[in-house]
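Okay, here's what each chain looks like letter by letter:
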Amino acid sequence: MRIAIADDAEDMRQYFRRLLPRFGHELIGEADNGRTLVNLCQANPPDLIITDINMPEMDGLQAAAEIGKTLSTPIIVISANDVPKGKAQNHIVEYLVKPISANELQAAILRAFPA
Amino acid sequence: MGLVSRHLSDFVRFDGETTMRIVDQDPSGAADRPASRALFLTVPDFAQLADVLPSMVWTCDANGRAEYFNARWYEVTGQTPEEAKGWGWSEIIHPDDRTRVMTAWEQAVKLAQTFEFEVRYRMADGTYRWHQARTMPMQNNGGQIDHWFGIGTDIDQSHASEEASAAMTQAIVEAAVDPIITIDERGIVESCNPATERLFGYAAREVVGQNVMILMPEPYHSEHDGYLAEYLRTGQRKIIGIDREVVGRRKDGTTFPMELAVSEVRSRGGRTFTGIVRDITNRKRLENELRGQAKVLERVAHGDSLPNVLQTLVAVAEETRPEMLGLVLLLDEQAGCLQHKASIRLPEFFCEAIDGLVPGPDVGCCGTAAFTAKRVIVEDFRTQILNANYREMAERAGLRACWSEPILSTAGGVLGTFAMYFRKPRTPDENDLAFISNSAQLASLAIERIQADESLRQMASIVDSTNEAIILESSDGIIESWNRGAERIYGFSAAETIGKPIAMLDSDVDSDKQDVIVERLRRTKQIERLEAIRLTKFGRRIHVSLSVSPVVDSAGNLTHFVTVQNDITELKAAQSKLIQGARLAAIGEMLSATAHESRNALQRIQVSLDLLGFDIKEGSESRLDLDRIARAKNDLLKLFEDQRSYVAPIQLDCSRCDLSETWRQAWKNLEASRGDRQTDFAEVTNGINLTCNIDAFRIEHVFRNLFENALAACSIPVAIEIHCSNTDIDGAPAVCVSVRDNGPGLTVEQKERIFEAFYTTKTKGTGLGMAIAQRTMEAHRGTISVGTSDRAGAEFLIVLPYSQ
Numbered sequence: 001m002r003i004a005i006a007d008d009a010e011d012m013r014q015y016f017r018r019l020l021p022r023f024g025h026e027l028i029g030e031a032d033n034g035r036t037l038v039n040l041c042q043a044n045p046p047d048l049i050i051t052d053i054n055m056p057e058m059d060g061l062q063a064a065a066e067i068g069k070t071l072s073t074p075i076i077v078i079s080a081n082d083v084p085k086g087k088a089q090n091h092i093v094e095y096l097v098k099p100i101s102a103n104e105l106q107a108a109i110l111r112a113f114p115a
Numbered sequence: 116m117g118l119v120s121r122h123l124s125d126f127v128r129f130d131g132e133t134t135m136r137i138v139d140q141d142p143s144g145a146a147d148r149p150a151s152r153a154l155f156l157t158v159p160d161f162a163q164l165a166d167v168l169p170s171m172v173w174t175c176d177a178n179g180r181a182e183y184f185n186a187r188w189y190e191v192t193g194q195t196p197e198e199a200k201g202w203g204w205s206e207i208i209h210p211d212d213r214t215r216v217m218t219a220w221e222q223a224v225k226l227a228q229t230f231e232f233e234v235r236y237r238m239a240d241g242t243y244r245w246h247q248a249r250t251m252p253m254q255n256n257g258g259q260i261d262h263w264f265g266i267g268t269d270i271d272q273s274h275a276s277e278e279a280s281a282a283m284t285q286a287i288v289e290a291a292v293d294p295i296i297t298i299d300e301r302g303i304v305e306s307c308n309p310a311t312e313r314l315f316g317y318a319a320r321e322v323v324g325q326n327v328m329i330l331m332p333e334p335y336h337s338e339h340d341g342y343l344a345e346y347l348r349t350g351q352r353k354i355i356g357i358d359r360e361v362v363g364r365r366k367d368g369t370t371f372p373m374e375l376a377v378s379e380v381r382s383r384g385g386r387t388f389t390g391i392v393r394d395i396t397n398r399k400r401l402e403n404e405l406r407g408q409a410k411v412l413e414r415v416a417h418g419d420s421l422p423n424v425l426q427t428l429v430a431v432a433e434e435t436r437p438e439m440l441g442l443v444l445l446l447d448e449q450a451g452c453l454q455h456k457a458s459i460r461l462p463e464f465f466c467e468a469i470d471g472l473v474p475g476p477d478v479g480c481c482g483t484a485a486f487t488a489k490r491v492i493v494e495d496f497r498t499q500i501l502n503a504n505y506r507e508m509a510e511r512a513g514l515r516a517c518w519s520e521p522i523l524s525t526a527g528g529v530l531g532t533f534a535m536y537f538r539k540p541r542t543p544d545e546n547d548l549a550f551i552s553n554s555a556q557l558a559s560l561a562i563e564r565i566q567a568d569e570s571l572r573q574m575a576s577i578v579d580s581t582n583e584a585i586i587l588e589s590s591d592g593i594i595e596s597w598n599r600g601a602e603r604i605y606g607f608s609a610a611e612t613i614g615k616p617i618a619m620l621d622s623d624v625d626s627d628k629q630d631v632i633v634e635r636l637r638r639t640k641q642i643e644r645l646e647a648i649r650l651t652k653f654g655r656r657i658h659v660s661l662s663v664s665p666v667v668d669s670a671g672n673l674t675h676f677v678t679v680q681n682d683i684t685e686l687k688a689a690q691s692k693l694i695q696g697a698r699l700a701a702i703g704e705m706l707s708a709t710a711h712e713s714r715n716a717l718q719r720i721q722v723s724l725d726l727l728g729f730d731i732k733e734g735s736e737s738r739l740d741l742d743r744i745a746r747a748k749n750d751l752l753k754l755f756e757d758q759r760s761y762v763a764p765i766q767l768d769c770s771r772c773d774l775s776e777t778w779r780q781a782w783k784n785l786e787a788s789r790g791d792r793q794t795d796f797a798e799v800t801n802g803i804n805l806t807c808n809i810d811a812f813r814i815e816h817v818f819r820n821l822f823e824n825a826l827a828a829c830s831i832p833v834a835i836e837i838h839c840s841n842t843d844i845d846g847a848p849a850v851c852v853s854v855r856d857n858g859p860g861l862t863v864e865q866k867e868r869i870f871e872a873f874y875t876t877k878t879k880g881t882g883l884g885m886a887i888a889q890r891t892m893e894a895h896r897g898t899i900s901v902g903t904s905d906r907a908g909a910e911f912l913i914v915l916p917y918s919q
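For the protein sequence lines, the chains are Z and W, in the order given.
All letters in the first sequence, in the order written, are residues 1 to 115 by the working numbering.
All letters in the second sequence, in the order written, are residues 116 to 919 by the working numbering.
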């Protein structure tokens with residue numbers, strides 16, 4: 001699965017870099033803010049987007065909204081914030097609250113693409 | 116008579132069958148010979164005998180002419196035989212007695228009867244002396260009276276003393292304050308004294324010779340003759356020697372009550388009755404007044420209302436004094452005017468006009484009396500200067516006089532007025548003044564007593580109806596009074612506490628503080644306000660706020676304490692909840708502020724754990740270290756999330772669920788932590804409906820918490836028992852699930868504090884589990900509490916309403 005990720009913490013980006021291939025996924029793009037994520041996805045649309053919320057320039061939710069205008073790529077949001085109230089929008093399929101483990105992440109990815 | 120007989124019998128034998136014959140010395144010797152048993156005396160013998168007698172003796176011929184006098188006669192009268200014989204003896208009779216005696220003597224001679232009389236004879240010195248005399252007829256052989264034999268004895272001395280005593284009696288009778296009346300057997304008045312004249316209004320001459328019944332009203336007037344005749348016939352005393360209350364009638368026809376004492380004197384002339392009369396008008400009136408006062412007091416004692424009591428006061432006053440019209444006005448202090456409270460015979464318009472009168476220096480009788488606090492007497496409205504308005508009104512009401520007495524309180528304040536009105540001008544006498552003053556005093560007593568009663572009743576109803584405990588204890592701490600509020604707060608009835616020491620309510624918490632407070636109260640005698648923890652009948656500790664007032668007697672000694680107590684347990688709980696709430700809010704804010712970074716930090720640990728996990732071989736020593744780090748991270752995460760869920764507002768996601776499924780799920784989820792410990796999980800559902808509208812996830816957590824605690828507290832084998840029953844929450848049907856373990860149970864402290872946040876007995880744990888459980892239950896409008904049964908182990912009761 002071709003996945004694009006966005007997180008302003010290098011630790012997390014490194015995590016995804018090392019983790020995703022282990023589960024058989026391809027990391028096709030990394031961003032440290034929402035704006036970069038939007039550009040990246042528009043240039044090369046992934047199968048799945050995993051994004052943090054709190055980021056400089058443009059946060060994850062704004063980016064998701066922007067991406068949603070042109071793409072229908074499913075998005076998994078990982079955040080240290082509580083799960084927001086109301087229905088998920090802009091193709092957000094999962095909302096995960098930190099800390100999440102590798103297994104939990106893989107399970108969420110698999111849920112986004114049911115067989 | 117006796118005197119004569121005695122003297123004569125000294126010299127002459129005399130019996131019933133013989134007649135004494137005085138035998139004249141017959142010069143021819145042809146004297147009559149008497150019958151065999153007769154005593155014969157010759158004249159010289161008789162004369163010899165008679166001359167030594169101290170009495171005067173004489174004989175007369177059949178026609179009453181004197182023939183013989185003994186020497187004593189001549190000696191005391193100074194008469195010569197010539198002067199005395201024939202009718203000469205009558206010359207020395209006192210002129211006042213002569214006609215009476217001579218008439219009677221002629222009569223006696225004519226009828227041949229023994230003649231007895233009292234008479235004054237003139238003595239030789241010219242003075243008159245009383246004598247008692249008796250003449251008896253003497254018969255000859257043929258049974259004809261041929262002589263009279265007479266004897267006279269000087270009784271002047273005894274007569275004089277009789278006269279003196281009669282005079283003294285007369286003087287007493289004349290001077291007597293009480294009327295004294297004598298009547299004869301026919302009821303005719305023989306005499307009456309000046310007191311009789313004064314009382315009955317008759318002159319003595321108008322009464323003497325009249326039937327005494329003129330002094331009596333009907334029915335005595337008509338019946339008196341009958342009474343007298345009846346007594347004379349039967350001798351049965353109905354009045355003689357017995358004091359009786361009867362009614363007298365004056366000349367003017369008015370009547371009055373009197374006491375009558377009658378005595379009887381028998382004399383030669385028949386019987387005389389003496390009546391002593393006492394006018395008891397005043398006594399009767401006083402009696403009536405006292406009776407009236409007693410009636411009023413009785414009303415007061417029976418707790419009658421003030422208007423009723425005052426109305427009774429007027430009624431009895433008018434009863435005892437029919438000529439007066441009573442009125443009671445009371446001062447309304449707030450309105451500053453007099454209000455009509457009681458009257459019976461006064462015209463209604465008059466009472467209405469007087470109602471609302473504002474006291475002043477010249478505002479009618481009552482208004483002035485109330486203003487000056489002094490008695491006001493108006494003897495005649497027409498002549499006495501009085502505010503024209505009131506004079507006119509009194510005139511219209513047909514009133515001429517008014518006496519008004521202020522009703523004064525014990526402290527001397529004016530409570531109102533008691534007034535007596537009259538239709539004729541009237542001046543009060545001593546009795547009247549005493550009466551009006553007594554009546555006002557009685558009114559004052561009634562008013563003050565009823566007001567005191569009323570305030571007592573009000574006080575009692577306040578004490579009884581208040582939710583506060585009001586407890587009276589003696590100075591040595593014995594409970595003397597216990598109100599309903601106290602029953603409600605403490606659960607003890609009055610019967611269970613009165614007579615017992617107040618210390619029975621002390622809890623173990625601050626009983627030593629009590630002594631200090633009591634000591635201070637004794638010293639300062641000031642009201643103390645404090646808070647304390649006390650024990651109820653059921654052993655529950657309650658917080659009470661107390662206000663303790665010392666009760667001091669007139670001598671300044673402390674006799675009692677009155678404590679007013681409020682159960683402030685709930686208030687305290689609410690207070691501590693508020694404080695807790697504020698603290699929690701602060702924690703909540705802090706946790707929210709740090710949540711993001713905490714989670715990110717945890718996430719970084721997680722990331723590192725995951726990545727290291729890829730590289731470190733399973734089963735290696737390093738792998739074990741990694742697992743320990745993972746567990747520490749989990750603990751930290753749990754603490755963090757517990758805290759957050761405790762402080763965050765609870766939002767329930769409810770659906771209808773079977774409670775048993777939630778506890779079974781909770782038990783199942785603990786499988787891993789139970790490991791291979793021997794456990795026994797029993798359910799007794801009693802067929803009770805367990806379907807409730809609940810947030811199953813959260814309720815499951817409540818059970819999980821209880822089970823975790825049980826597993827932590829109990830040694831092997833752990834036995835958990837669930838027992839269901841029906842109950843209610845404030846009347847709404849509910850289900851109660853009891854969860855009991857076989858552990859050591861809870862201490863008193865644990866029971867009280869187990870639901871406090873951050874309270875824990877475990878070495879491990881956040882101390883929030885039970886607090887969260889309680890919040891969860893409260894969010895469901897249910898409860899969780901510690902069981903109160905005596906059985907071993909810890910028991911928790913979860914109560915949930917069927918519908919929220």
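It is possible that part of the hints are untrue.
What the hints assert, rightly or not - Simulated coverage check for chain W against chain Z, where a stretch passes if three residues somewhere in it have a Cβ under 8 angstroms from a Cβ of chain Z: (1) 313-326; (2) 709-715.
What the hints assert, rightly or not - Each pair of labels, with its calculated beta carbon distance range: (3) Z:70 - W:729: 52 to 60 angstroms; (4) W:779 - Z:26: 43 to 51 angstroms; (5) Z:26 - W:896: 47 to 55 angstroms; (6) Z:39 - W:747: 39 to 47 angstroms; (7) Z:39 - W:729: 28 to 36 angstroms.
Just so you know, the hints here were simulated from the structure itself, not pulled from any lab data.
Think of the CB as a built atom: it goes at the ideal place given N, C-alpha and C, for glycine as much as any other residue.
Here's how the hints hold up against the structure:
Counting residues of the segment 313-326 of chain W whose C-beta sits closer than 8 angstroms to any C-beta of chain Z gives 0, which falls short of three, so the coverage hint is violated. With 6 residues carrying a beta carbon less than 8 angstroms from a beta carbon of chain Z, the segment 709-715 of chain W meets the three-residue requirement, and the given coverage holds. Taken as a hint, the range 52 to 60 angstroms is violated for the pair residue 70 of chain Z and residue 729 of chain W, whose Cβ atoms sit roughly 36 angstroms apart. Range check, residue 779 of chain W to residue 26 of chain Z: about 45 angstroms between beta-carbon atoms, so the 43 to 51 angstroms window is met.
Remark: the range hint 47 to 55 angstroms for residue 26 of chain Z to residue 896 of chain W is upheld by a beta-carbon distance near 54 angstroms. Checking the proposed 39 to 47 angstroms range against residue 39 of chain Z and residue 747 of chain W shows it holds: the Cβ atoms sit about 41 angstroms from each other. For the pair residue 39 of chain Z and residue 729 of chain W, the supplied restraint of 28 to 36 angstroms holds, since their beta-carbon distance comes to about 32 angstroms.
Going down the numbered hints, you'll see the structure goes against 1 and 3, while the others check out.
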